[in-house]
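K.L.:
From first to last, the protein sequence lines are chains A and B.
Numbering-wise (numbering that gives the first Met the number 0), the first sequence opens with residue 0 and increments by one.
Numbering-wise (numbering that gives the first Met the number 0), the second sequence opens with residue 0 and increments by one.
Fair warning: there could be bad hints in the mix.
[What the hints assert, rightly or not] Below, in silico cross-link-like pairs of lysine to any residue (SDA-like), each with a Cα-Cα straight-line distance of 20 Å or less: (1) A:39 with B:525; (2) A:39 with B:118; (3) A:39 with B:91; (4) A:39 with B:119; (5) A:39 with B:114; (6) A:39 with B:87; (7) A:39 with B:86.
Worth flagging that the hints you see were computed from the coordinates, not collected in a lab.
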Amino acid sequence: MPERTVAVASRVGLHARPAALFTRAVAAAGIPVTIAAGGKGPVDASSILFVMSLGVPSGQEVTLAAEGERADDVLDGLVALLSRDLDAPDEGSS
Amino acid sequence: MTVAGVGSVLHGVGVGRRAAIGPVVQVHPAPAVPDDSPGAGGAPESVRADLERAFAAVAERLRGQSERASGTMRDVLAATAQMADDPALRSQVLERVDAGERPVAALDAVVEAFAAMFQAAGGHLAERVTDLHSVRDRVVAAVVGLPEPGVPDLTGPSVVVARDLAPADTAALDLDKVVALVTEMGGPTSHTAIIAGQLGLPCLVRVAGATDLTEGVEVVVDAARGTLTVAPDEGLRAAVARRAADERALAADTAPGATADGRQVALLANIGTAEDAERLGAVEGVGLFRTEVLYLGRAGAPTRAEQAQAYTRALRALGGHKVVVRTLDAGADKPLAFATAADEENPALGVRGYRLVRTHPELLETQLAALTDAAAATGVEPWVMAPMVATAAEARAFAGLAHAAGVRTVGVMVEVPAAALRAREILREVDFVSLGTNDLAQYTMATDRLRGELADLLDPWQPAVLDLVATTARAGAALGKPVGVCGESASDPLMALVLVGLGVSSLSMAPAALPAVRFALRRHALGVCRSMAAAALAADGPAEARAAVVQLLAEETRTLLA
Numbered sequence: 000m001p002e003r004t005v006a007v008a009s010r011v012g013l014h015a016r017p018a019a020l021f022t023r024a025v026a027a028a029g030i031p032v033t034i035a036a037g038g039k040g041p042v043d044a045s046s047i048l049f050v051m052s053l054g055v056p057s058g059q060e061v062t063l064a065a066e067g068e069r070a071d072d073v074l075d076g077l078v079a080l081l082s083r084d085l086d087a088p089d090e091g092s093s
Numbered sequence: 000m001t002v003a004g005v006g007s008v009l010h011g012v013g014v015g016r017r018a019a020i021g022p023v024v025q026v027h028p029a030p031a032v033p034d035d036s037p038g039a040g041g042a043p044e045s046v047r048a049d050l051e052r053a054f055a056a057v058a059e060r061l062r063g064q065s066e067r068a069s070g071t072m073r074d075v076l077a078a079t080a081q082m083a084d085d086p087a088l089r090s091q092v093l094e095r096v097d098a099g100e101r102p103v104a105a106l107d108a109v110v111e112a113f114a115a116m117f118q119a120a121g122g123h124l125a126e127r128v129t130d131l132h133s134v135r136d137r138v139v140a141a142v143v144g145l146p147e148p149g150v151p152d153l154t155g156p157s158v159v160v161a162r163d164l165a166p167a168d169t170a171a172l173d174l175d176k177v178v179a180l181v182t183e184m185g186g187p188t189s190h191t192a193i194i195a196g197q198l199g200l201p202c203l204v205r206v207a208g209a210t211d212l213t214e215g216v217e218v219v220v221d222a223a224r225g226t227l228t229v230a231p232d233e234g235l236r237a238a239v240a241r242r243a244a245d246e247r248a249l250a251a252d253t254a255p256g257a258t259a260d261g262r263q264v265a266l267l268a269n270i271g272t273a274e275d276a277e278r279l280g281a282v283e284g285v286g287l288f289r290t291e292v293l294y295l296g297r298a299g300a301p302t303r304a305e306q307a308q309a310y311t312r313a314l315r316a317l318g319g320h321k322v323v324v325r326t327l328d329a330g331a332d333k334p335l336a337f338a339t340a341a342d343e344e345n346p347a348l349g350v351r352g353y354r355l356v357r358t359h360p361e362l363l364e365t366q367l368a369a370l371t372d373a374a375a376a377t378g379v380e381p382w383v384m385a386p387m388v389a390t391a392a393e394a395r396a397f398a399g400l401a402h403a404a405g406v407r408t409v410g411v412m413v414e415v416p417a418a419a420l421r422a423r424e425i426l427r428e429v430d431f432v433s434l435g436t437n438d439l440a441q442y443t444m445a446t447d448r449l450r451g452e453l454a455d456l457l458d459p460w461q462p463a464v465l466d467l468v469a470t471t472a473r474a475g476a477a478l479g480k481p482v483g484v485c486g487e488s489a490s491d492p493l494m495a496l497v498l499v500g501l502g503v504s505s506l507s508m509a510p511a512a513l514p515a516v517r518f519a520l521r522r523h524a525l526g527v528c529r530s531m532a533a534a535a536l537a538a539d540g541p542a543e544a545r546a547a548v549v550q551l552l553a554e555e556t557r558t559l560l561a
């Protein structure tokens, strides 16, 4: 199963707005994706509740895993998303 | 449930003098639903369908509210909508229901599990537990067929009725559609009452039975009489319309405030937001810009740029008139998620107002910097004052910070008795003071502002409170520095005459109260105001003080003011 590890760039960590943007992107991808961090998980990465409860601070590494034909493409897209500061005011929310 | 019938009258404590008519819209509390509620009983398949529908409906409504909101509120509501839509929440609840658990119990168990994870993660995440619980309350209400909790979307002019309204509730209200506010709890100086006064809305607090009123029934709310009349007759409707016409006539007079013999008394407006500033008609200025509205109901403090933008808008709207800005007054009845300690047992006596500088100095620094940004952008220099200052040393420290940030005219609020007693020493450190009579009464009389049953003790006509106002005004006169009043008492025309007699140089109040105060001042000379002040100070109690002042009213004003 393809996996990627990436450090969360958002200043507030993976919570609130960044978590909302990330989980929406996962849901839009249409294949099951999991996320694990700091010894917690893996959990369903399309669930804002699960993703927020990981409590990932800024700079911490998370591990994403996906299954399915487009898994590599989807993971690359999500890694690119998490590498940006999703809490910056100019990041469009949808 | 007892439902008040046609023509029946409920009684409460009125705020303001106005009256209004409109249909009742109830703000619904979170439903108290027992785990074995029959609401969504029945076959597992139909329970499943009910739950699916409830999740979808709640998410949809929250998304709608988010789209109509702006700024942080928009983000918070969007994230809350996503929680209601959450696949894990949904699947775990449905799993439990499939295993035979009751829907409300299943929802509670799953929500509490997530809440515990949020709490364990701590920090910002712990604050999101409130959102999670609000999702829970909404879904439960939808499942068992109760009205959605919280402030409803208003579709037309409405009399909003609630057990109590939190500042966050009022922030969610579409105020253009509210014609009156009625609560069962609260007191005349509670948050709801102040917001109502601000908007010139008639308001009744402590109205027993108000939440039992039928949704949509037409009522007359009369703040001057403290009554709510159900399904009013033609005579009462006509009287309400006549009073509205009289109010408009008084409001047409916008000349600068002065006594009959020409002593100028600045009559200023209290505002809470840039929108309030833009809504103001012709005024002499703003004597209290309460900035905490910018901070309420959000997870983190507004940024310097965000604040500067709001202050710039307000300063620009006031077109060069005097503006007195009060720095953040959070704590006590206005807690902030990011600044108020959760474990304060006595928040009114705790880390609130200027005292936040001890725990969160960056809040004040950012705010002062934003204010000087706004001054630079508009060319209007606001006067800036700090709330809840108790000592001359605090006044000196605040003046130091404000001057360092580039603020030129610095003052402090006098709302702690210690500050009133040492007003002279405090005025040596700053350029002006402003009396906050609501808190001054609360602290002088050791009476919680939110305890309606103690309203008699909280009366600003209490001689002890008047003594402290007099002490402060004398200190101002001795040092030649302005002493204003920005508490609710300035909006009572009789009290306004007394305050001017005591030596107060400006009165700031809800804009709706200005016409009556202007009228009262215009018809009494400064000497009469001084006699009134002396009579009030000499009285034994609040009722006697008021009666003594009424005796001295000019004959032609008696019907309107007494």
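K.L.:
Going straight from one Cα to the other, do residue 39 of chain A and residue 118 of chain B come out at no more than 20 Å?
P.N.:
holds (15 Å)
K.L.:
With a cut-off of 20 Å on the C-alpha distance, tell me whether residue 39 of chain A and residue 86 of chain B pass.
P.N.:
holds (19 Å)
K.L.:
Tell me if the straight-line CA distance from residue 39 of chain A to residue 91 of chain B falls inside 20 Å.
P.N.:
holds (19 Å)
K.L.:
Taking 20 Å as the top limit, are the C-alpha atoms of residue 39 of chain A and residue 119 of chain B close enough?
P.N.:
holds (12 Å)
K.L.:
Can the restraint linking residue 39 of chain A and residue 87 of chain B be considered satisfied, given a maximum Cα separation of 20 Å?
P.N.:
Answer holds: residue 39 of chain A to residue 87 of chain B is near 16 Å, not above 20 Å.
K.L.:
Hint check: residue 39 of chain A vs residue 114 of chain B, CA-CA at most 20 Å. Holds or violated?
P.N.:
holds (16 Å)
K.L.:
Is it true that the CA of residue 39 of chain A sits at most 20 Å from the CA of residue 525 of chain B?
P.N.:
Distance ~74 Å between residue 39 of chain A and residue 525 of chain B Cα, so the pair is violated.
Of the numbered hints given earlier, the model fails hint 1 alone.
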